[in-house]
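Since the structure of chain A is provided, determine the placement of chain B on it from the hints.
If you want the building blocks of each chain, they are given just below.
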Amino acid sequence: MDDVIVVQTADFEMQTLYQQLRQANTTDGAIVTFTGLVRDFNQESQVSGLYLEHYPAMTQKALQKIVNEARQRWELGRVCVLHRVGQLAPGEQIVFVGVTSSHRKNAFAACEFIMDYLKTRAPFWKKEITNQGQSWVSAKQQDKAAADKWDQ
Amino acid sequence: MNVLFFGQLRELLQTDSLQINVAVSTVFELRRELQDKGPLWRDSLERSLTLVAVNQTMANEDTLLEKNDEVAFFPPVTGG
Chain A
1 MDDVIVVQTA DFEMQTLYQQ LRQANTTDGA IVTFTGLVRD FNQESQVSGL YLEHYPAMTQ
61 KALQKIVNEA RQRWELGRVC VLHRVGQLAP GEQIVFVGVT SSHRKNAFAA CEFIMDYLKT
121 RAPFWKKEIT NQGQSWVSAK QQDKAAADKW DQ
Chain B
1 MNVLFFGQLR ELLQTDSLQI NVAVSTVFEL RRELQDKGPL WRDSLERSLT LVAVNQTMAN
61 EDTLLEKNDE VAFFPPVTGG
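Residue numbers (the numbering used here), protein chains in the order written: chain A, 1 to 152; chain B, 1 to 80.
Rather than coming from a laboratory, the hints here were simulated on the basis of the structure.
It is possible that some hints are incorrect.
Here are some chain A residues pointing at chain B (derived, C-beta under 8 Å) [as the list claims (entries may be wrong)]: (1) A89; (2) T120; (3) A139.
Idealized CB from N, CA, C, for every residue including glycine.
For reference, chain B alone in the conformation it holds in the complex:
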């Protein structure tokens, strides 16, 4: 599963993408898996601070994930 980060989150984590090979079935589980990478990841990926998209569509914690999905985490958007 390909995981992407954008905006300030990408800068905080100093990561724009990474590959997750652990089996996770929901966004909730994926987030927990990523937050286990350390304090910076735990704090930056706090649920209230980030939005999530699965296969380029806005998603939520219950969204189901499959092996080849593209999941993106990012801060609330500020376009327009």
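Here chain A stands alone, though its shape is the one from the complex:
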């Protein structure tokens, strides 16, 4: 299976990941990619940075499980999931999901599914650094609802 799953502190080059999905691939007619960025605000205050903690022994395994589930639901070609950990500044790239498929509908759906599941099932925790100090980000009900809708 053509899965690339990476957890790293370093930034990534989207063009390189895109090329990995595209090169020598004549069977897939669609590539859908998503890139998540660090925002500089939350409900209460200005965010000057973010610290991303994870559970190293589990992270890769959890992401692979999500990708496996996507593959059970849709016919997919290549899948790439890259998530960064550690210290991040506003505007930085934090996550990348890329999916190829013979037709666009599967690629769109799988990309969204992987992000929705990643947000509720992969062991990452964000701590925001604001002018008020540091605080752990709490899980959002809307993220849970987005993941739950795939099971309806």
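Showing chain B alone in chain A's frame:
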């Protein structure tokens, strides 16, 4: 059995891991054992506030445990 804590839970308990040598057969029993350590542990490990993984796979209260399992408790995840 090795028990790990992550995120805010790790900070609240000021503990990132501990060894449990008491025989517990489910996540439910392990949670009760840990909550007996005091009010801070009881409140922080409230079932509705935490997720649990056994051997790096999401688990629930009924998940069976064995002596050498790695169990992790953590708050709802916030990646992405």
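Against the structure, the hints come out as follows:
no.	hint	verdict
1	A89	17 Å, violated
2	T120	7 Å, holds
3	A139	3 Å, holds
Hint check: a violation occurs at hint 1 only; the rest are consistent with the structure.
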